[in-house]
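Number of protein chains: 2
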Amino acid sequence: MSEIASVRADKRAAVLTPICAHLLNEGLDAANLRALAKAAGTSDRMLLYYFSNKDDLIGTALTRLAEQLSALLDEQIHCEPQPEEVLTETVWTAVCHPDCWPFMVLFVELAVRAHRIGDPFASPAQAIAHHFQTWLADHLAIDDLERRSAAAERVLTVVDGRVLLRLVQATAIKK
Amino acid sequence: MSEIASVRADKRAAVLTPICAHLLNEGLDAANLRALAKAAGTSDRMLLYYFSNKDDLIGTALTRLAEQLSALLDEQIHCEPQPEEVLTETVWTAVCHPDCWPFMVLFVELAVRAHRIGDPFASPAQAIAHHFQTWLADHLAIDDLERRSAAAERVLTVVDGRVLLRLVQATAIKK
DNA sequence: AATGGAATGTAGCGGCTGCTACAAGATCAA
DNA sequence: TTGATCTTGTAGCAGCCGCTACATTCCATT
Numbered sequence: 001m002s003e004i005a006s007v008r009a010d011k012r013a014a015v016l017t018p019i020c021a022h023l024l025n026e027g028l029d030a031a032n033l034r035a036l037a038k039a040a041g042t043s044d045r046m047l048l049y050y051f052s053n054k055d056d057l058i059g060t061a062l063t064r065l066a067e068q069l070s071a072l073l074d075e076q077i078h079c080e081p082q083p084e085e086v087l088t089e090t091v092w093t094a095v096c097h098p099d100c101w102p103f104m105v106l107f108v109e110l111a112v113r114a115h116r117i118g119d120p121f122a123s124p125a126q127a128i129a130h131h132f133q134t135w136l137a138d139h140l141a142i143d144d145l146e147r148r149s150a151a152a153e154r155v156l157t158v159v160d161g162r163v164l165l166r167l168v169q170a171t172a173i174k175k
Numbered sequence: 001m002s003e004i005a006s007v008r009a010d011k012r013a014a015v016l017t018p019i020c021a022h023l024l025n026e027g028l029d030a031a032n033l034r035a036l037a038k039a040a041g042t043s044d045r046m047l048l049y050y051f052s053n054k055d056d057l058i059g060t061a062l063t064r065l066a067e068q069l070s071a072l073l074d075e076q077i078h079c080e081p082q083p084e085e086v087l088t089e090t091v092w093t094a095v096c097h098p099d100c101w102p103f104m105v106l107f108v109e110l111a112v113r114a115h116r117i118g119d120p121f122a123s124p125a126q127a128i129a130h131h132f133q134t135w136l137a138d139h140l141a142i143d144d145l146e147r148r149s150a151a152a153e154r155v156l157t158v159v160d161g162r163v164l165l166r167l168v169q170a171t172a173i174k175k
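So the protein lines, in turn, are chains A and B.
Heads up: the first sequence is residues 1 to 175, going by our numbering.
Heads up: the second sequence is residues 1 to 175, going by our numbering.
What the hints contain is simulated information worked out from the structure, not anything from laboratory work.
Take these hints with a grain of salt, some might be off.
Since the list can't tell identical chains apart, any single copy or any two copies may satisfy a pair.
[Said to hold, decoys possible] Simulated crosslink set (DMTMM-like; lysine to aspartate or glutamate; CA at most 25 Å straight-line):
# : residue 1 : residue 2
1 : Lys54     : Asp29
2 : Lys38     : Glu146
3 : Lys54     : Glu26
4 : Lys54     : Glu75
5 : Lys54     : Glu89
6 : Lys54     : Asp144
7 : Lys54     : Asp138
8 : Lys11     : Asp143
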């Protein structure tokens, strides 16, 4: 019956949370089935029982992460529409917050893979970029639609550029 | 004798050119020893004879690529110092040129790995970013040193941001 | 209790990766 | 020519990867 959710579907959903966390903290390079399974307290065998293959798993997790970022933005920033320069700094501050920063790093990884590989990375990357820009436009104190959209794109560009440069400067600790 | 270069040193230098090309066109993910050796017309065994290990090879190649990008910028753009907005568009046009674009993609890959892993990626990434910004400052029509440097950083930020967004939009062709 | 399907553990395959042991050829000084 | 050193090919190891075959356990229905 449809009202009786199978164990499989339940676990599939449950397992997604720690997997998203792992993806966020360790990045896509570290995202192999055995490591993800360990993070989720299960086995790689089970992950491939819940999901049809690795791409399905990663794609599902990334889609969920894209939604999480959207929610995070709404949650972390409650402000009236602002002028372009002000919004840029407001968002930049939010982006540097420890809760948000891992999303931005992941987004950069996603962008490269979207370009080089395509799916399952392209769709979430585009979703994140698109939603981010829409969100920015909604928080800009500009009446004209076209100008508002163009300004949102400029803000997004500057923020992304700063993220990239910050990545280079804030380098991993060597062992 | 020091004037007699060994075969090893010669080949080590010669092999670097096709390896850099491979790195540039295929990215860091595809940079395994066997693939690089094939691109260089030799064997993985030989690459590890010329270089002490993979990190040494990649690090050397990346350093050379950083220098190549510097040369490319000088070569592709000969212009008088420009105001900030003009230089931004001049550089953006150059960056989108097929000769330069692969460098930018590689730079983004480098930035992520510099952040997550550190060396051998951090140093070349920082070199590229630093040289790029210096180059920009040299082409800005601003007298005051501090203002010029700040403007160069803004130009670099905008260009990098555009690169990132372009990556997401120009996605790989699916098979 | 019997049965059939869902859920899970065990073990391993085939492929790739960085790297190395070993031996053979190449080169050059004596 | 001999021997030492530099260069190179062959083969393979140990580890990781995505994925799967097989067997088992668990549970709901009958």
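Verification of the supplied hints:
no.	hint	result
1	Lys54 <-> Asp29	both (13 Å within a copy, 18 Å between copies)
2	Lys38 <-> Glu146	neither (48 Å within a copy, 51 Å between copies)
3	Lys54 <-> Glu26	both (17 Å within a copy, 23 Å between copies)
4	Lys54 <-> Glu75	neither (31 Å within a copy, 44 Å between copies)
5	Lys54 <-> Glu89	neither (38 Å within a copy, 41 Å between copies)
6	Lys54 <-> Asp144	neither (44 Å within a copy, 54 Å between copies)
7	Lys54 <-> Asp138	neither (36 Å within a copy, 48 Å between copies)
8	Lys11 <-> Asp143	neither (47 Å within a copy, 63 Å between copies)
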